[in-house]
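Enquirer: Given chain E's structure and the hints, the job is docking chain G onto it.
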Amino acid sequence: MKKEIPLAITFLTGVIIVVTFFIPHQPLGGMQQRLLIWYSIVLGFTLLLGVDSLLRSNLQKIMRRAPGWPYAVVVVAGFLATLAAGIHTWATTKDLLSLGSSFMYIYTYMIVPLQATMFALLAFFIASAAYRAFRARTLEATLLLVTAAIVMLGRVPVGAEIWDKLPGLQDWIMEIPQMAAKRGIFIGVALGTIAMSLRVILGLERTYLS
Amino acid sequence: MKFFEKLASIDRRIIYLLLALAVVVPILLKLVLPITVSEPVKSAYAAIDGLSDGSVVMVSIDYDASSAPEVQPMLLSVLRHCFAKKHKVVMLGQWPLGLPFGEIGMTTVVDEINRAAQSPADSIRYGANYVNLGYRPGYRALMVGLGREFRDFFATDYRSAPVDSLPLMRPIHNYNDIDLLVGLEAGQAGDEWIQYAGARYGLQIVIGATGVVAPDMFHYMQARQIKGLIGGLQGAAEYETLMQHPGTGTAGMVPQSWAHLLLLAFIVLGNVGYFVMRRKKA
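Chains as they are written, first to last, in my numbering: chain E, 1 to 210; chain G, 1001 to 1282.
Chain G on its own, in the form it takes in the complex:
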């Protein structure tokens, strides 16, 4: 009976240690698992892929370091996809602490493309192919206000360059000039984009969200209020699979699988111990 007693009360340090091993070992061994792409991610991919070349995609960086491992791979894949399709990218953010992640992601992808460019026409330039508007306080007010005029809130980009000095921004005044919004979300901003920019102005929206936020987005997907949903690290890995560019999303799938299996194993063990002990007491 002592065995079952111990089973029902395993020391938390053992749980911590085994969980750490379940995460670290697959990363060190670079293990991979085949990834099946779900319908919401296929739809998100199709939404960007189906735009005509040179369309304007707005990317909203609404996350920070705590969610970056899940959402940053989505940003990289989406940017790669946009630039491969010759789309133009307007970046902004509702989370001030997330903005550097947007810039880091953009720099990574732009450098990657420019290194591989065969001619100047293949390269990506700031102001012509992409801009970073940065952060402005306002949140919902900003989302509604941009529907009328971007310049009322973003007179300059994040480097304080007037937006009209950027060729990409000259023809962009409101959501009528944006073909798709990709909201990368770790909180409520996804709901707000859908309610204030999507429902009110008809802006087409794709959401990339953390595993915690994604379940709140399923009803928008079912009601066709968003064009696609990239949910959690799994969603990021699925998008990387579609892009045939595996990254940290794909690499994270085995550690996440192992961690989930371990957690379930502990729950089962805890329940076995609990039931044996309960029967004994009865």
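With the rest of the complex left out, here is chain E:
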């Protein structure tokens, strides 16, 4: 029964959602909406599971004094401080996004700069990696290199200053060869998704149960 019940739930849910796409009228439409609301609620609980997992793994790391445990202290302290700030903001203003609140202070002056810094560092790594890896060793690599150069220059105003036809050339690359390749990939992905979905709905694909 451990396997049969989840398989039956998956089959029924999948069939209802697929059928209601084509027949959205009652009672099927109402059933679909009910399932979507349930999905939303279940997803909300998975966020709680995430919090539980984060705290459990980091607290265990601290207790065992595992390598890097001081980082776990920072994670737990950061989590508790943000939670406390969120509760405080909610209790005092009833508006979690109230500018100037303690929660938004943490968001604006800690979370945002940390996230932005992590992403901004990518620019430096990409520059260094492009310099080392972008070598015109073969015809394909040369084509890639030339195309990248046209797109990089065509996408910024300085490109038009260098040669006024560069933005147009960049548009052509994005709209014709790039799009042709992307469409091929997307059609392949869509067909693969349909095949996998059918396998899951029909119970042929069961790896998600383990």
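These aren't lab readings, by the way, just hints derived from the structure by calculation.
This structure is a prediction, so every number in the text was calculated from the model and none was measured.
Ideal placement from N, C-alpha and C gives every residue a C-beta, glycine not left out.
Some clues are possibly wrong.
As the list claims (entries may be wrong) - A few chain E residues that face chain G, going by a derived Cβ cut-off under 7 Å, partial list only:
id : residue
1  : 40
2  : 43
3  : 44
4  : 90
5  : 93
6  : 95
7  : 97
8  : 115
9  : 119
10 : 124
11 : 173
12 : 174
13 : 177
14 : 180
15 : 198
Unchecked claim - Anything over 10 Å on all C-beta distances counts as not near chain G; from chain E, calculated:
id : residue
16 : 55
17 : 74
18 : 112
19 : 113
20 : 134
21 : 139
22 : 147
23 : 149
24 : 191
25 : 209
Unchecked claim - Label-pair restraints from in silico Cβ distances:
id : chain 1 : residue 1 : chain 2 : residue 2 : range
26 : E       : 83        : G       : 1006      : 50 to 60 Å
27 : G       : 1202      : E       : 26        : 51 to 61 Å
28 : E       : 70        : G       : 1115      : 39 to 49 Å
29 : E       : 69        : G       : 1115      : 46 to 56 Å
30 : E       : 29        : G       : 1225      : 17 to 27 Å
31 : E       : 192       : G       : 1121      : 32 to 42 Å
32 : G       : 1160      : E       : 45        : 18 to 28 Å
33 : E       : 162       : G       : 1014      : 21 to 31 Å
Expert: Here is chain G on its own, set in the frame of chain E:
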């Protein structure tokens, strides 16, 4: 030959330093470059501009801090445009960490308009001209479900006020009551909005996306499944140009241009060094 050897293996710290200078110097000197507006951005602008006054525009905040420098200027320009046209704005988000950016952007624009307002009729009020529904888990399920009834997912706004207590939300039940969706995207949510809300319910959509995501949106633009596309910081700068309100998008164009030129210069130098060294070895 040592020169070419060095050319092929420049110390990465030099690359980092020069890249930092290429970004910082134009910002400090406040340099600007003329901006040419592309067709996809013109179409996005026309989609909002062409709506009759008082239309309802839904704005989805699907990005966070890592993409905010690219996408936040789009949000500001779109909000300015919507309120200039007297449209009503319903904001929500698929990225919980991005929601504060929506609120910060909305507060910025609303304060700006209310400061300049000559009479109460010109001012913007929460609940009447705009609402922020906030975030609900659900993603694709939410996108499909909103097509039937907003209240099934958003019984309250982000401040826990019942949506029916907000005059703007009373007549809004599903996508039939939304004239345009502006999806501001740093990930997959743009595809999902188009596939689940656009294709299924016929919702008109404009996408504003990061430079990384924008190429994935071109085929929707070509197939006319979206009304317009604002792509990357360049797109943000183009929209600011159309709004005649230059902001951080426009300011970012020179640093981005310099950074791209520098990167190309390094690639060329690396290749020159590589080819000379290869010939020498042969």
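Enquirer: Any Cβ of chain G at or closer than 10 Å to residue 149 of chain E, or is the non-interface label fine?
Expert: violated, 6 Å
Enquirer: Are residue 70 of chain E and residue 1115 of chain G spaced within 39 to 49 Å by their CB atoms?
Expert: holds, 47 Å
Enquirer: Beyond 10 Å from every chain G Cβ: check whether that's true for residue 134 of chain E.
Expert: violated, 5 Å
Enquirer: Verify that the Cβ of residue 209 of chain E lies farther than 10 Å from every Cβ atom of chain G, and report whether the claim holds or is violated.
Expert: Holds, because the least Cβ-Cβ distance between residue 209 of chain E and chain G comes to about 21 Å, which exceeds 10 Å.
Enquirer: Given the hint of 21 to 31 Å, is the C-beta distance from residue 162 of chain E to residue 1014 of chain G inside that range or not?
Expert: Given about 24 Å between the Cβ atoms, the range holds.
Enquirer: Quick one, is the residue 115 of chain E hint okay against chain G at 7 Å, beta carbons?
Expert: holds, 4 Å
Enquirer: Under 7 Å, Cβ to Cβ, is where residue 43 of chain E needs to be relative to chain G, so tell me if that hint holds or is violated.
Expert: With a closest approach of 4 Å, the residue 43 of chain E hint holds.
Enquirer: Regarding residue 83 of chain E and residue 1006 of chain G, is the given constraint of 50 to 60 Å on their beta-carbon distance met?
Expert: holds, 53 Å
Enquirer: Do the numbers back the hint for residue 97 of chain E, that is, is its least Cβ distance to chain G under 7 Å?
Expert: Check passed: Cβ of residue 97 of chain E comes within 4 Å of chain G, closer than 7 Å.
Enquirer: Is it the case that residue 147 of chain E keeps its Cβ farther than 10 Å from each residue Cβ in chain G?
Expert: holds, 12 Å
Enquirer: Lying within 32 to 42 Å: is that true of the beta-carbon distance residue 192 of chain E to residue 1121 of chain G?
Expert: violated, 55 Å
Enquirer: With a cut-off of 7 Å on the beta carbons, see whether residue 93 of chain E makes it to chain G.
Expert: With a closest approach of 9 Å, the residue 93 of chain E hint is violated.
Checked against the numbered hints listed earlier, the structure breaks hints 4, 5, 11, 13, 14, 15, 18, 19, 20, 23, 27 and 31; every other hint is satisfied.
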